[in-house]
Amino acid sequence: MTKPSLKFTRRTVQIGVAAAFVAIPILNRWRIDKVYGNFLSFSAAGVPLADPLAALQVTVTGWVWPRDLWIGAAIALVLALGLGAVFCSWVCPFGLLSEWMFELGQRVLPQKYEGWKTRSNGFPLKAGIFSLGLLAVVFFFGSPVLSHLSMPGWYSRIFQMWFLQQHVSLAIGLILLVLLAEFLARNRFWCRYICPQAFLLTVAKLADPYRLQVGFHQEKCTCHKGYDPCQEACSLALNPKTLANIWETECNNCGDCVVVCKKMGQALTLGFGAAAVRSRMMEKEGNKSQASPMSGEMDRGSKALQKEK
Amino acid sequence: MFRIRFLRPPGAGAEKDFLARCIQCGQCAQVCPYDSIVLGTGFSLTRSGTPLIYPRSVPCYLCMRCPEVCPSEALRPVPMQDVKMGKADLDRSLCFVYAEDVICRVCFELCPLKGRAVIHTSGIYPVITEHCVGCGVCEYVCPKRCITTIPAWFTT
Numbered sequence: 119m120t121k122p123s124l125k126f127t128r129r130t131v132q133i134g135v136a137a138a139f140v141a142i143p144i145l146n147r148w149r150i151d152k153v154y155g156n157f158l159s160f161s162a163a164g165v166p167l168a169d170p171l172a173a174l175q176v177t178v179t180g181w182v183w184p185r186d187l188w189i190g191a192a193i194a195l196v197l198a199l200g201l202g203a204v205f206c207s208w209v210c211p212f213g214l215l216s217e218w219m220f221e222l223g224q225r226v227l228p229q230k231y232e233g234w235k236t237r238s239n240g241f242p243l244k245a246g247i248f249s250l251g252l253l254a255v256v257f258f259f260g261s262p263v264l265s266h267l268s269m270p271g272w273y274s275r276i277f278q279m280w281f282l283q284q285h286v287s288l289a290i291g292l293i294l295l296v297l298l299a300e301f302l303a304r305n306r307f308w309c310r311y312i313c314p315q316a317f318l319l320t321v322a323k324l325a326d327p328y329r330l331q332v333g334f335h336q337e338k339c340t341c342h343k344g345y346d347p348c349q350e351a352c353s354l355a356l357n358p359k360t361l362a363n364i365w366e367t368e369c370n371n372c373g374d375c376v377v378v379c380k381k382m383g384q385a386l387t388l389g390f391g392a393a394a395v396r397s398r399m400m401e402k403e404g405n406k407s408q409a410s411p412m413s414g415e416m417d418r419g420s421k422a423l424q425k426e427k
Numbered sequence: 019m020f021r022i023r024f025l026r027p028p029g030a031g032a033e034k035d036f037l038a039r040c041i042q043c044g045q046c047a048q049v050c051p052y053d054s055i056v057l058g059t060g061f062s063l064t065r066s067g068t069p070l071i072y073p074r075s076v077p078c079y080l081c082m083r084c085p086e087v088c089p090s091e092a093l094r095p096v097p098m099q100d101v102k103m104g105k106a107d108l109d110r111s112l113c114f115v116y117a118e119d120v121i122c123r124v125c126f127e128l129c130p131l132k133g134r135a136v137i138h139t140s141g142i143y144p145v146i147t148e149h150c151v152g153c154g155v156c157e158y159v160c161p162k163r164c165i166t167t168i169p170a171w172f173t174t
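Protein sequences appear in the order of chains Z and C.
Counting from 119, one number per residue, gives the positions in the first sequence under this note's numbering.
Counting from 19, one number per residue, gives the positions in the second sequence under this note's numbering.
You may find that some hints are simply not true.
Stated by the list, open to error - Selected chain Z positions facing chain C (in silico; Cβ < 8 Å):
#1 Phe259
#2 Gly260
#3 Ser261
#4 Arg275
What the hints assert, rightly or not - Simulated pairs of lysine to aspartate or glutamate, EDC-like, Cα-Cα distance not exceeding 20 Å:
#5 Z/Lys380 / Z/Glu337
#6 Z/Lys381 / Z/Glu350
#7 C/Lys102 / C/Glu148
#8 Z/Lys152 / C/Glu86
#9 Z/Lys152 / C/Asp53
#10 Z/Lys380 / Z/Glu350
Claimed, not checked - Output of the computed footprint for chain Z on chain C, the stretches with three or more beta carbons under 8 Å from beta carbons of chain Z:
#11 41 to 53
#12 62 to 72
#13 89 to 102
Worth flagging that the hints you see were computed from the coordinates, not collected in a lab.
Built from N, CA and C at the ideal position, the CB exists for glycine as well.
Could you build the full structure based on these sequences and the hints that come with them?
So, in structure tokens, the structure goes:
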């Protein structure tokens, strides 16, 4: 039996999570309530999980440190610290819908790939929305209203409303509207430019240089210049070949580029600390057998490190 | 149906504090064994998704499960006699006992704080005391619909 591809595994996890958040309110209805909550805050057999932004909002509005909420938020942040923003690509049900919308769009109304018009970096805009939103929460609303921008939150709340009180939430329309806009714009704009929930995960991930990330082994790359199947495969339109620069903040380790590259030169890998760590190790040990195939990457890694500093 | 008179679940503090802390995760509604708690709907940015109790539909039986699961301390665990959801108000002009000389003990018998929140004066006349926490059970069970629970957020 062949090993299932990374993308197959990821899709299975995503669909499983999306289905779980439909099933949970149904189970609660039958009084099976060891697992409850939504994407803002969740509890599985006593283990809390929470949206870090929800915890931060409660803390800044009431200046309180609710224990369970912060434990849950810390778990989410530590996950991002080690594995990058895998929540966005492996867990988030809106991410799944958004990716499907992108794939559907490419199939129904294909936009011809011409090295993707380079899109501006979404992180500063997201940071702006995050800080303005937080200021509005503190000085204007006085309650955690930024949670209304959480699309996975709405996804789970729709089913809570539906199964617990037979109420069809208008948030269905909101999600469909965003998906339609993404279908037309074909840039997954919500995930890249708006979602303030992902901001804290990105900050956590950037704090750890040894996190899981995509590495690029330049000398293995067999694609000629201007031909980037890896970037074509990336639903966020990032270029994995230049991931050492600013694009990396937006990469959420979905691994789609690695899957495509597997059939080509296998120049892309998903590994811990990818470029930076390995180059540093090689500098120390001077391992010749490893140094030669990775020399290109070594340069990239050390350059990236210098930039970060 | 939009109903304006709602109670907050037990363990909630002042309305402003409650709204500052509630993150609308709905865990209280999911564990409520009586389905007393419903999540607010509508377009209010601060109030939609927050837990509400409509005592005429399903009152709170003070099982005190929801404060235990609340992750953000919007609902805090307190003993059931210290809950401050509101206060029941009995309209004597409608009550069986006061107005029609019919013996009725329903509110007294079914009060979760039996013998404290509702007492009988002269053996039969129900009186709501200051120990009432406003769970809404008496309002729900009253055959004459003569009890109204005034929410705590309304009076303070």
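Hints versus structure:
Satisfaction of the interface hint for Z/Phe259 is found here, the shortest Cβ-Cβ separation to chain C being roughly 6 Å, below the 8 Å cut-off. A distance limit of 8 Å between C-beta atoms decides the matter here; for Z/Gly260 the minimum to chain C is near 6 Å, and the interface restraint holds. With a least beta-carbon distance of about 4 Å to chain C, the hint placing Z/Ser261 at the interface is held under the 8 Å criterion. The beta carbon of Z/Arg275 comes within 6 Å of a beta carbon in chain C, closer than 8 Å, and the hint placing it at the interface holds.
Distance check on the hinted pair: Z/Lys380 and Z/Glu337 sit about 15 Å apart at the alpha-carbon level, within 20 Å; holds. Distance check on the hinted pair: Z/Lys381 and Z/Glu350 sit about 14 Å apart at the alpha-carbon level, within 20 Å; holds. The straight-line distance between the Cα atoms of C/Lys102 and C/Glu148 is roughly 11 Å, inside the 20 Å bound, and the hint therefore holds. Proposed proximity of Z/Lys152 and C/Glu86 is supported: the alpha carbons are some 13 Å apart, at most 20 Å.
For a cut-off of 20 Å, the pair hint linking Z/Lys152 to C/Asp53 stands: about 16 Å separates their Cα positions. The hinted pair formed by Z/Lys380 and Z/Glu350 meets the criterion: a straight-line CA distance of about 14 Å does not exceed 20 Å. Three residues within the 8 Å Cβ limit are the bar, and the segment 41 to 53 of chain C against chain Z gives 10, so the coverage statement holds. Only when three residues or more bring their CB closer than 8 Å to a CB of chain Z does the claim for the segment 62 to 72 of chain C stand; here the count is 3, and the claim holds.
As drawn, the segment 89 to 102 of chain C meets chain Z at 3 residues by the rule of a beta-carbon pair under 8 Å; at three or more, the given contact holds.
Violated hints for the displayed structure: none, as all numbered hints are satisfied.
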